[in-house]
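**Student:** Which chain is which? The protein sequence lines are Y and W, in order. Residue 58 in UniProt numbering is what sits at position 58 of the first sequence, and the numbering runs on without skipping anything. Residue 94 in UniProt numbering is what sits at position 94 of the second sequence, and the numbering runs on without skipping anything.
Because the hints were derived from the structure by calculation, they are not lab data. Treat the numbers as computed from the prediction; the structure is a model and nothing was measured. Some clues are possibly wrong.
Below, a list of computed lysine to aspartate or glutamate pairs in the EDC-like style, where the Cα atoms sit at most 20 Å apart [claimed, not checked]:
1) Y:Lys196 <-> W:Asp265
2) Y:Lys196 <-> W:Glu271
3) Y:Lys76 <-> Y:Glu40
4) Y:Lys202 <-> W:Glu269
5) Y:Lys76 <-> Y:Asp175
6) Y:Lys202 <-> Y:Glu40
7) Y:Lys196 <-> Y:Asp215
8) Y:Lys196 <-> Y:Asp145
9) W:Lys310 <-> W:Asp225
10) Y:Lys287 <-> Y:Glu15
11) Y:Lys202 <-> W:Glu271
12) Y:Lys196 <-> Y:Asp137
13) Y:Lys76 <-> Y:Asp90
14) Y:Lys196 <-> W:Asp264
15) W:Lys310 <-> W:Glu9
16) Y:Lys196 <-> W:Glu269
17) Y:Lys196 <-> Y:Glu181
18) Y:Lys202 <-> Y:Asp180
Listed next, the stretches of chain W that the computed footprint assigns to chain Y, with coverage defined by at least 3 CB atoms under 8 Å from CB atoms of chain Y [to be verified]:
19) 27-39
20) 78-85
21) 188-199
Heads up, the beta-carbon is just placed ideally off N, CA and C, and yes, glycines get one too.
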Amino acid sequence: MSAPPIIKAMGLTVEFRGRRSLFKPESVVQAVSNVDLTIEQGETLAVVGESGCGKSTLGRALLRSTPIAHGRVEFKGRDITRLSGRALRDARSQFQMIFQDPYASLNPKMSIYETLAEPLLVHGATDRASIRPQVLDMLSAAGLDPSFAERYPHEFSGGQRQRVAIARAAILRPDFIVCDEPLSALDVSLQLQILKLFTALKQQFSLTYLFISHDLARVFGFADRIAVMYLGKIVEIGTAADLYRAPAHPYTRALIAAAPSPNPHRDIPPAAATLRGDIPSPANPPKGCRFHTRCPQVMDVCKTREPTMSDLGNGQRAACHLLTQPPMAG
Amino acid sequence: MSDAVLSVEGLSVDFAVGGSIIHAVRDVSLSVAQGEVLGLVGESGSGKSVTMLSVVRLLDARRTAITARAMSVDGHSILDLRPRALEDVRGPVVSYIFQDPLTALNPLLTVGRQISEGMRRHKGLSRTAARARALDLLRRVGIPAPELRINQLPHQLSGGMRQRVMIAMALAVEPKLLIADEPTTALDVTVQAEIVRLVQSIQREQGMAMVWVTHDLALLARLADRVVVMYAGRIVEDALAEALYDAPAHPYTAGLLASTSRIDDPFSEQEPIPGAPPDPRVVHPGCSFAPRCSRAQARCQGEVPALEIKADGRRVACFYPLTGSQT
Ligand SMILES: Nc1ncnc2c1ncn2[C@@H]1O[C@H](COP(=O)(O)OP(=O)(O)OP(=O)(O)O)[C@@H](O)[C@H]1O
Ligand SMILES: Nc1ncnc2c1ncn2[C@@H]1O[C@H](COP(=O)(O)OP(=O)(O)O)[C@@H](O)[C@H]1O
Ligand code: SF4
Ligand code: SF4
Ligand SMILES: [Mg+2]
Ligand SMILES: [Mg+2]
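Based on the provided sequences and hints, a complete structural model is requested.
**Tutor:** Written out as structure tokens, the structure reads:
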């Protein structure tokens, strides 16, 4: 039998309660709604979708850093949904998270050396003499000059700070890293540099990533598999190659069509594939298929019945009525 | 150029910050013809916004030193205009769409009031006529239930809707020149695609000139007629869009193009530009791109390359530009 996946989520649901007031009844936002997902050792799974669709919440729920309303999460085959106290801390020590804003996630009062040494110390590095070489090795693996060790975060550019944040996350060789939009504060020319760094570290330390991004084009070649989210749900998941060649969900097609390409000769996407309007409020998602208010191929059934996941082979799955009941001709 | 709606010659802008001087824009010359869409692209801090804000004189004059040989919008010499006359140029002649609509919209006035104001003031429309046209514009920019939205305040709208309102406001006065400064950067790609399409169709219909500022070359590929690339406060390349995407001449343009997200290219073949943009406080004696440039030679370290016009009409500031055969 092969090793269990690093992460397995089943029916995962996260809810936030809006504040109740004299004039408003309590509202519940299902930020993540009934999500099934597995992430294998050494894999990069990208999660893409529009702002507010629940990407960050999904990432945090997998790390058990936000309360789970329903469903379960397994880490290497072990149920961690209800862990607490010491057991939860131990499980979490195998996880890391990297954020969008490298400025906010680094302590301005700590030198780069201290920033990288801290996790080693916190997690009980007994051999203090081994810390220095580990930190210096990690700095050079992250493409930073070892002479930077004694300097402070404010002395660095955004791209360099993100390298420091990545080095700190990787230094404990965690089993699983959630990267939450680590590129979106960076310029285009630096984004590709940082993506290449993620790839190099993954190979060197056999890391596993959940990589959150709103930029589908950016992660297409980089990720092994892609999960597309819309209003709390995964609407399609599959290998990047399959999603590009044969996207099954109208929303995936719309995201691909909307991705700008620096090739002026690339075919203009058909108007039918493009969306109109903004994403609806997650506090009040549309009935039936949550995408029906913006779907270019909406049918009557979509407004009342929620589509279920269809298996399309090679691990590709999508939730759309078109896959189970094609529209009537004429 | 006689039919230029916007013409800037030798613009330089310095800011005094703390004890140092930031040379935000250095010797920038550009023009935009009637009906033309110019894409202005570069990394953050490269001077795109400062260039365009100078054109509408929206920079704080006390902390800013603006110099230019000449600068005109639709024949009005911007540097000589008094504040009153400037107000008559902003709006009917040149409209500006900002990246962050919340800072540009008045939080206390309804959407309808804000869109109508310019039309009443500059076009002399009556209150009812302006409101009817505002409603029509809201519909055109894709706002659902415009009859409801027209009476709402900016904070009651989503980010995408606010940006649509900004666009409606800018278009209401039918400007000769529209400056769109990263209006879609904060928005999701699907909304961005819709807004780009929308602005483009209105631009074509009204035949206005447009400058679209962005850090994303991909966005401009199907939008711009011509692209100006800025690096560290200077223009490094200015070419027709098709020529620029097919064969970039400046090494920075080539690097930027290679770094751009592309859905249809293998990741392993994408090559990043090494290093990071320079500190704007430091004056480099040579080409500002030299520390990151794979083509740099001794000459690049000590001498600033001038922006020169090439045989095909493009302008390039580089001693050793790429030519078609070298790519
Ligand atoms: N702590 C919280 N309390 C209440 N609601 C929350 C909380 N965190 C997230 N939400 C809501 O849950 C939904 C999903 O939010 P989430 O941050 O996961 O989205 P996202 O996909 O990461 O968006 P973005 O791309 O903007 O980061 C949103 O409606 C958000 O407002
Ligand atoms: N009001 C200001 N005061 C001081 N410095 C500024 C101001 N506005 C911009 N700058 C500086 O000028 C340079 C160019 O900025 P900007 O034109 O906004 O860049 P871009 O729009 O290309 O991202 C940057 O170094 C920026 O920090
Ligand atoms: S189920 Fe219907 S509305 Fe939903 S994506 Fe499929 S066709 Fe569109
Ligand atoms: S002038 Fe020299 S350093 Fe500058 S871009 Fe050209 S080759 Fe590179
Ligand atoms: Mg998020
Ligand atoms: Mg700007």
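**Student:** Look at each hint and say if it fits the structure.
**Tutor:** Evaluated hints:
Only pairs whose Cα atoms come within 20 Å are accepted, and Lys196 (chain Y) paired with Asp265 (chain W) is accepted, the gap being roughly 15 Å. Between Lys196 (chain Y) and Glu271 (chain W) the alpha-carbon distance is near 9 Å, which keeps this suggested pair within the 20 Å criterion. Restraint check for Lys76 (chain Y) and Glu40 (chain Y): satisfied, since their Cα atoms lie roughly 9 Å apart, inside the 20 Å limit. For the proposed pair Lys202 (chain Y) and Glu269 (chain W), the alpha carbon gap of about 18 Å is at most 20 Å, so the pair holds.
Only pairs whose Cα atoms come within 20 Å are accepted, and Lys76 (chain Y) paired with Asp175 (chain Y) is accepted, the gap being roughly 9 Å. Distance restraint check for Lys202 (chain Y) and Glu40 (chain Y): the Cα-Cα separation of roughly 13 Å lies within the 20 Å cut-off, and the hinted pair is therefore satisfied. For the given pair, Lys196 (chain Y) sits about 16 Å from Asp215 (chain Y) by alpha-carbon distance, which is consistent with the 20 Å threshold. The suggested pairing of Lys196 (chain Y) with Asp145 (chain Y) holds, with an alpha-carbon distance near 17 Å, which does not exceed 20 Å.
Restraint check for Lys310 (chain W) and Asp225 (chain W): satisfied, since their Cα atoms lie roughly 18 Å apart, inside the 20 Å limit. Restraint check: the Cα-Cα separation between Lys287 (chain Y) and Glu15 (chain Y) comes to about 18 Å, which is no more than 20 Å; the hinted pair holds. The suggested pairing of Lys202 (chain Y) with Glu271 (chain W) holds, with an alpha-carbon distance near 18 Å, which does not exceed 20 Å. This hinted pair checks out: Lys196 (chain Y) and Asp137 (chain Y) have alpha carbons roughly 18 Å apart, not beyond 20 Å.
This hinted pair checks out: Lys76 (chain Y) and Asp90 (chain Y) have alpha carbons roughly 14 Å apart, not beyond 20 Å. Using a Cα cut-off of 20 Å, the hinted pair Lys196 (chain Y) and Asp264 (chain W) holds, with the two alpha carbons roughly 17 Å apart. For the hint pairing Lys310 (chain W) with Glu9 (chain W), the CA-to-CA distance comes to about 19 Å; that is within 20 Å, so the pair holds. For the given pair, Lys196 (chain Y) sits about 11 Å from Glu269 (chain W) by alpha-carbon distance, which is consistent with the 20 Å threshold.
Pair hint Lys196 (chain Y) plus Glu181 (chain Y) holds up; C-alpha atoms about 15 Å apart against a cutoff of 20 Å. At most 20 Å may separate the alpha-carbon atoms for a hinted pair to count; Lys202 (chain Y) and Asp180 (chain Y) meet this at roughly 16 Å. A stretch counts as covered by a chain when three or more of its residues have a beta carbon under 8 Å from one of that chain; for the stretch 27-39 of chain W and chain Y the count is 0, and the coverage is violated. Remark: the stretch 78-85 of chain W is not confirmed as covered by chain Y, as 0 of its residues place a Cβ nearer than 8 Å to a Cβ of that chain, below the required three.
Three residues within the 8 Å Cβ limit are the bar, and the stretch 188-199 of chain W against chain Y gives 8, so the coverage statement holds.
Comparing the model with each numbered hint stated earlier shows that hints 19, 20 do not hold.
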